[in-house]
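Protein chains: 2
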Amino acid sequence: MKPVKVGLLGLGTVGCGVVNVVARNASEIRRRAGRGIDIVSASARNLARRRECELSGIELTTDPSIIINDPEIQVVLELIGGIEPARTLVLGAVENRKHVVTANKALIALHGNEIFARASEKGVTVAFEAAVGGGIPIIKAIREALSGNTIEWLAGIINGTGNFILTEMRDKGRDFADVLAEAQRLGYAEADPTFDVEGIDAAHKLTILASIAFGIPLQFDRVYTEGITRITAKDVRNAAELGYRIKHLGIARRQGEGIELRVHPALIPHRRLLANVDGVMNAVLVRGDAVGPTLYYGPGAGAEPTASAVVADLVDVTRDLTVDPTNRVPHLAFQPDALVDLPVLPISQAISAYYLHLRAFDRPGVLADITRILGERKISIEAVLQPQPEEGAKDASIVILTAPVRESHIDEAITAIQSLDALTVPLTRIRVETLK
Amino acid sequence: MKPVKVGLLGLGTVGCGVVNVVARNASEIRRRAGRGIDIVSASARNLARRRECELSGIELTTDPSIIINDPEIQVVLELIGGIEPARTLVLGAVENRKHVVTANKALIALHGNEIFARASEKGVTVAFEAAVGGGIPIIKAIREALSGNTIEWLAGIINGTGNFILTEMRDKGRDFADVLAEAQRLGYAEADPTFDVEGIDAAHKLTILASIAFGIPLQFDRVYTEGITRITAKDVRNAAELGYRIKHLGIARRQGEGIELRVHPALIPHRRLLANVDGVMNAVLVRGDAVGPTLYYGPGAGAEPTASAVVADLVDVTRDLTVDPTNRVPHLAFQPDALVDLPVLPISQAISAYYLHLRAFDRPGVLADITRILGERKISIEAVLQPQPEEGAKDASIVILTAPVRESHIDEAITAIQSLDALTVPLTRIRVETLK
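Going line by line, the protein sequences match chains A and B. 3 is the number of the first residue of the first sequence in the numbering used here; add one for each residue after it. 3 is the number of the first residue of the second sequence in the numbering used here; add one for each residue after it.
None of these hints come from the bench; they were simulated from the model. A few of these clues could be false.
Which copy is meant is left open, because identical chains are indistinguishable; a pair holds if it fits in one copy or across any two.
As the list claims (entries may be wrong) - Distance condition first, Cα-Cα at most 35 Å in a straight line; then the derived DSBU-like pairs of lysine-lysine:
1. Lys-174 with Lys-396
2. Lys-236 with Lys-396
3. Lys-438 with Lys-236
4. Lys-236 with Lys-174
5. Lys-438 with Lys-380
6. Lys-7 with Lys-124
7. Lys-124 with Lys-4
8. Lys-236 with Lys-380
9. Lys-438 with Lys-174
10. Lys-396 with Lys-380
Could you put the whole structure together from the sequences, leaning on the hints where they help?
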């Protein structure tokens, strides 16, 4: 078979990674796909920039529209990132009946519904394995490998920067701001780290995972999102003492007739595999009703891991060239006319256990008041920890783990606890997930 | 689209699991595949047996040849297990140009080359996701998701019974025979546990994984296989003290121009995810040159996890009905004419670090003799542990961890050590894998 002709938009780190991997593994890829992958042209804003990949044999241009309009090109690879011009270019390629492979999570999370609808009309595929979990084949696993299951829930560490920071905080006992600064020096965190540490990047990815797990439209604006900026070294230490680790999770879970969609830090029992996913690595735990728990682990970012996912998509798309379009794997795992609009529950209806950390004047009756407030609301206490007060401190810490409870109930209890005049600083709350 | 018509051979635990999952998740499956899966007929040796699944609406027979010859049937599901009559029936179905889905690892490991060759000639697919790792989509991950990589190595816990036994030995400090007896009582181990505890089952699975990872023919008879029957509670304890856990691994690794293929117990550093895969769970760690390390975890056996893999194959095969056969995912990941016969290295050429456990008379010079023997063969020592001798014992334990070394060199060293007259019992050796 003739090689498939690919046009590449974007020659940044990932674009160059793809060029390198396709060149280095050309023979392995051809042995598998039965044909080569030929990157015939590439566009970049600045062609003068020095790049870490060999571009000879690739036609270069600063005008991406040349590529999406080239009748020779069968597959367009979008590695520009961000919303525009990526959105216009992807839609343009689709309009010209070209298959598209993209690593752009923001684009898919925010504009996937529109893009997939156009792609279906035009009979082409827009593939996006690299958009979630870097090199981990999590899209393929959920979309194809678990097709016999009703997915009950999934929980993932899907932002490498955040996980690197939390791992360092635990290993070195350091505070968030300290570790963030180091991560920025090392290049693991951006100069503006908002997307990573506030959970927006994870929310983009969770949006996509939830859609393919449950067959619901992409709805980024419904994801409850909480970052890791308020986690302290003390919380990390308390969690360890209780047998837990703090991780930043994206969680999608069926609850009754609705879906919980939430990104937030959480305590996880330290013997769970997910609690042992460290540094910049990612992992997603998926529970299907037939298969039970399955976990997928690997590098969540980086040029070559992302290239691994991109090339797998290129090979899949190449195979799709001869499939009756109605028989392909649907973009969102479920047939477009079979998507259902299950309601996304407000966070007040979510159910989690809770870690509560209070500082209160060290006097009798405080713990009794707190347990009474929780008890009145039928919130069970699983554990209480009272770390030794610091020398000369006017107040002492109380750490409480509750049983799972509806968020609105814990909110009420917290309001009541905060109104006790014994508290010296506002209470800290972190969700606890047993992942069962 | 019309439902795909499936004929099921074998109504044991897994067969019933598939019937149940297909019925329970009929709507989720139809929403994904765009068509239903209709199990129209099933065969079993004894139709009078009580079964844990609803068989109304399924035509039952004791004669499987009726199913493979039924022109209505599009896909044959082989869940009989063992070699015959499974092999003849699968080849018969292929001859009749029916796609086949099977969970039969022994059949694929021993007769896959023949079966896939016939299937290719006839333009049909024989799918086998359920043959390795139960519900873990490890075949799909390696075959499709890592297609952009040169696979460097893989290492897996691929036998649940063995892993259950080793986990119990560690958790409860008990000996192998004890735990095996309990596993048999609980139904986790067969009355004849040879296949599981001697590593034959794992070797079947490793044969398959190595083939799809490297593009080599299936060659079960080349796998070096060592069971877990000689692991003692003391080894487990020594390993823990050194920061390791003992797991039964299947390992396939490129080394020079050849491939190492080996099943044996191994010490793994306790912080590795694979060291924390406990009980009957399975996991496979795969390292690709582009993606780096990826891990896939889940239940390695059981009716419903296996059914999950079987249904995923059924959906994939259904999609294949309209694909140009040359464009399908090849059976062994690589195009049949692109398989290469990389030599499988004899175990004497494999490279591993080593755990050595000796008992010797407690007198001066013994450790010096041993370190001299290792030093003369340029085998570096990474750690030495000398547990407190038992009260009144005439001899003492010495535990040594070596650096990685070619097996033939450690063999020579062990022969020399054994010939020291200080040893009171034969030396114990277990490989150590850092999985890097």
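Status of each hint after checking the structure:
1. In this assembly of identical chains, Lys-174 and Lys-396 lie within 35 Å of each other by CA distance solely inside one copy; the values are 27 Å within and 45 Å between copies.
2. For a Cα distance limit of 35 Å, the shortest separation of Lys-236 from Lys-396 inside one copy, 17 Å, qualifies, whereas the shortest one across copies, 51 Å, does not.
3. Both within a single protomer and between protomers do Lys-438 and Lys-236 lie at most 35 Å apart by alpha-carbon distance, with minima of 26 Å and 33 Å respectively.
4. Taking the shortest Cα distances, Lys-236 and Lys-174 sit within 35 Å of each other both inside one copy (12 Å) and across copies (34 Å).
5. Only within a single protomer do Lys-438 and Lys-380 lie at most 35 Å apart by alpha-carbon distance; the minimum there is 22 Å, versus 49 Å between protomers.
6. Taking CA atoms no more than 35 Å apart as the test, Lys-7 paired with Lys-124 passes in both settings, with 19 Å inside one copy and 30 Å between copies.
7. Taking identical chains as interchangeable, the C-alpha atoms of Lys-124 and Lys-4 lie at most 35 Å apart whether they share a chain (23 Å) or sit on different chains (24 Å).
8. In this assembly of identical chains, the alpha carbons of Lys-236 and Lys-380 lie at most 35 Å apart only when taken from the same copy (28 Å versus 48 Å across copies).
9. Taking the closest pair of Cα atoms, Lys-438 and Lys-174 come within 35 Å of each other both inside a single copy (29 Å) and across two copies (24 Å).
10. For the homomeric pair Lys-396 and Lys-380, the shortest alpha-carbon distance inside one copy (31 Å) is at most 35 Å, but the shortest distance between copies (62 Å) is not.
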